[in-house]
Amino acid sequence: MFAYLARRLLYSVPVVLIASFLLFWAVRIAFDPLAKLRGGRDPGALARAAERLGLDQSIPVQYWHWLTRFVTGDWGVSSRTAGPVHGLILPALGTTLQLIVWGVLVAAVIALAVGVYSAVRQYSAGDLAFTGLSYLGVAMPPFWLGLILIQILAAWPQELLGLTDPPLYFVGLHSPDGGGPLDYARHLVLPVLTLTVGLVASWSRFTRATMLDALTSEYVRTARAKGVPKRRIVTRHALRTALGPFVSVTAVDAGLLFGGLVVTEQIFAIQGMGRLFLDSLLAGDVFVLVPWTLVIAVVVIVFNLLADLAYAVLDPRVRLR
Amino acid sequence: MSTRFRLGAIGLAALALLAASCTSGGTGTALKSDARPAAAAPVRQGGSIVIGAEQEPDCTDWIASCATSIWGTWIMDIPTIPRVFEPRKVDGTWGLAATNVMASEPEVAAGPPQKVTYRINPAAVWSDGEPITSEDFAYTALAIRDGKDVLNRTGYSHVTKIDTPDPKTAVFTFDASYANWKGLFSDSSGLLPSHLLKGKDRSALMKDGYTWSGGPWKIESWTKGVSVVLVPNANYWGDKPKLDKVTFQFTADTAAAFQAFKTGQLDALYPTPQLDSIDQIKSGLPNASSIIDPESGNLEAIWFNNAKAPFDSVTFRQAVSHAIDRKAVVTRLYGALGVNEPAQSAHTPLVGRYGGTDFAQYIPDLAKVDSLMRGDGWAKGSDGIWAKAGNRATFSVSTMTGNKRRELTEQILQEQMRAAGFEVKIDNTSATDLFASKLPKGDFQMGLWTLVDTFPQPSLEASFSSSAVPTEDNGYSGLNMSRIDLPGLDKVLDTAASSLDEARRVDVSRQADKLLADSAALLPLDVIPNILLWNNKIGGPLAIDPARGPFWNLAQWGLAS
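Top to bottom, those sequences are chains G and P.
Position 267, counted from 1, in the first sequence is what my numbering calls 267; the numbers after and before it change by one each time, with no gaps.
Position 196, counted from 1, in the second sequence is what my numbering calls 196; the numbers after and before it change by one each time, with no gaps.
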């Protein structure tokens with residue numbers, strides 16, 4: 001397994017390098033880091049800023065300088081904030097990680113429960129209801145869902161119960177005065193729910209399908225023939241088989257989610273990777289966009305790797321070489 | 001001239017207002033203020049409030065190129081940085097008055113050479129107790145004039161000599177007559193503390209927030225992406241704040257911000273007047289009060305590319321201007337807020353006394369359109385569209401994608417102009433592409449964006465002089481995106497920029513307005529109103545200052561007693 005890990009990581013290096021150059025090149029072509037200065041009344045400011053940021057050199061040279069600094073831990077300076085890029089990306093990554101971890105945990109638990117129930121009681125009223133809800137969940141755009149959840153879970157209860165504060169908060173991840181675990185939880189519920197609905201919908205359908213496969217497999221039939229109780233067949237046999245692909249999908253989706261939280265973070269005023277991307281994109285801040293994308297690429301690769309490892313751990317038939 | 005760019009406050013896109021950042025003069029006659037009287041509920045000492053901020057500033061090094069956000073100016077710059085002049089409305093007109101940093105009104109000697117003498121209030125001190133001195137004036141001016149990565153050197157580049165005969169007196173000498181001298185240490189930049197910054201890396205010390213202050217508030221903390229917290233400056237020599245703490249919570253999503261306001265998580269909002277925010281206000285907000293002030297520094301206009309067909313023709317521009325029913329547009333957009341009259345000047349109301357009403361000549365008049373177009377050799381085809389020498393009167397209108405208010409405006413214009421025989425295609429793009437690429441390079445025909453004033457002093461030359469046309473030679477720098485180059489206009493603008501005589505300045509500024517209007521170089525559409533909402537638990541004299549935003553008198557806000 002160690003050799004497998006080392007090989008996978010080694011293969012990732014040229015992929016990341018090529019991707020980073022293409023990204024650097026594309027972003028530099030598409031965006032003007034000096035856009036904010038254009039239209040100003042000091043033409044000299046343009047030249048000075050270009051020199052300061054190294055924009056007066058060719059793109060390959062700029063890339064090389066950027067890369068050599070990047071690998072030594074110097075991620076550069078944002079053209080938007082004039083601050084170090086790592087100072088923007090790392091806190092944002094930490095914030096997004098909180099959403100991802102809680103969202104994936106909650107979604108996984110619910111999706112497994114719903115998926116197993118739907119598979120075991122295939123075509124029952126409950127299964128059909130969950131099927132309908134899952135289509136709804138997949139179809140609901142996060143910007144709409146977030147606002148609806150705010151209305152239903154925060155605004156209406158406050159109004160109906162005459163509360164001075166809403167039961168759930170939806171601005172940031174904590175109150176301005178800090179607050180303890182309860183305050184954190186009250187801030188976390190709505191963004192996590194917004195994130196979770198789509199995941200539950202797709203993961204529960206996936207679980208249902210893999211559970212159905214497992215429940216109709218030879219070894220389950222054999223177990224049934226031996227008189228193994230149904231609950232034990234479901235939990236010890238079918239679920240364990242279904243868990244491998246489920247964890248694999250979960251890990252891959254979790255990696256992809258890092259880059260896809262723009263809407264949720266915007267609605268709930270959370271400064272994570274999604275909002276950082278949007279802010280940087282609007283400002284044409286190439287010095288953030290490129291490392292941001294690279295960090296996301298690394299995260300996706302790592303999660304893919306974790307998915308493979310998890311698969312191997314959960315399914316004894318899989319061996320990594 | 002405004003030098004602080006209003007990023008995102010008017011339209012979302014960050015660059016949207018970059019190009020729209022300055023103007024001058026103005027009429028003020030186009031709109032009567034519908035603003036309600038400022039609230040003045042009595043307040044008690046102490047307590048804290050949370051205010052929603054649509055945008056987070058990129059940095060707080062106020063003279064650097066990263067400090068372009070108007071929200072940064074409103075929430076941290078104005079409350080902490082001392083200034084020489086402040087906007088003040090007297091008899092319905094916005095003017096400038098010396099602040100309590102000054103012992104007396106600065107004295108200007110016309111010269112030549114022009115000299116300005118600043119006498120500093122002996123009581124004026126920084127938050128660490130050190131006095132504000134003439135050295136602070138000298139340090140700030142030189143940092144702007146000679147420093148690197150400075151956003152705007154306007155005015156400071158005219159300073160040739162700085163004398164500091166004593167710690168409380170500074171004398172500035174200029175190389176030429178400079179009418180906007182009141183903008184120095186007042187417009188885009190206030191005073192910086194030389195005893196803390198001189199000889200040090202100012203950017204490193206300031207860009208992420210600073211602990212010192214020369215205003216009523218200090219920045220207690222700035223948690224990136226989350227909030228800014230202000231607390232009173234114990235050593236402020238003027239009236240001290242009533243509140244113990246003010247938190248600006250960054251909430252970019254308008255709909256969520258309104259919900260947060262309604263549920264009490266935010267105590268005040270200063271929302272961009274987009275259609276959804278107007279609808280929200282119209283539908284009523286519980287336990288809240290509001291000010292809707294059309295006397296802003298924001299002028300939305302239809303911008304023609306004067307250097308590109310078909311708008312390189314004065315007659316064509318005039319005909320199009322007569323095809324548009326601006327009153328109908330304004331009523332549709334802002335009628336719910338009580339704003340129904342179009343703007344009639346190239347000046348915003350903030351500098352209204354410098355403008356006229358010359359654009360009032362453009363009222364919807366299809367007979368006039370026919371007359372102008374036929375006189376110019378155009379004839380209507382079978383499809384009802386004007387054509388001349390095989391060319392149809394077809395052109396595009398551009399603004400930034402996603403701004404619903406502007407997209408609606410475009411649709412209304414499209415319909416109106418179709419009825420007059422013009423075919424309009426909508427060609428929107430991202431704000432970045434529009435303001436960083438298309439407009440500077442003149443790659444548009446007709447556009448829709450906003451001109452923003454943040455200081456009540458005229459400076460039309462920044463937006464309308466031929467020297468402000470962005471070109472390859474000047475690195476596409478300059479705000480005259482419309483490529484306006486009218487005979488006689490530069491001379492008038494130069495006179496306005498250098499005239500120290502106020503009456504003369506008003507006169508020539510109005511001449512410029514007339515030249516622009518007569519040639520239909522642009523077509524002002526509407527003044528975008530400012531909106532302030534607050535929970536009724538907040539008291540004090542709440543009012544919007546179109547130059548300094550809604551938080552200019554935050555020190556007087558408090559919890560209602």
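Keep in mind the hints are simulated off the structure, nothing from the lab.
Incorrect hints may appear among the rest.
Reference excerpt, derived from the structure (chain G facing chain P, CB under 7 Å, subset only) [claimed, not checked]:
#: 1; residue: HIS86
#: 2; residue: GLY172
#: 3; residue: ALA269
For each residue, glycine too, the CB sits at the ideal point set by N, CA and C.
Status of each hint after checking the structure:
1. HIS86: violated, 13 Å
2. GLY172: holds, 5 Å
3. ALA269: holds, 5 Å
The structure fails to meet hint 1 from the earlier list, while all remaining hints are met.
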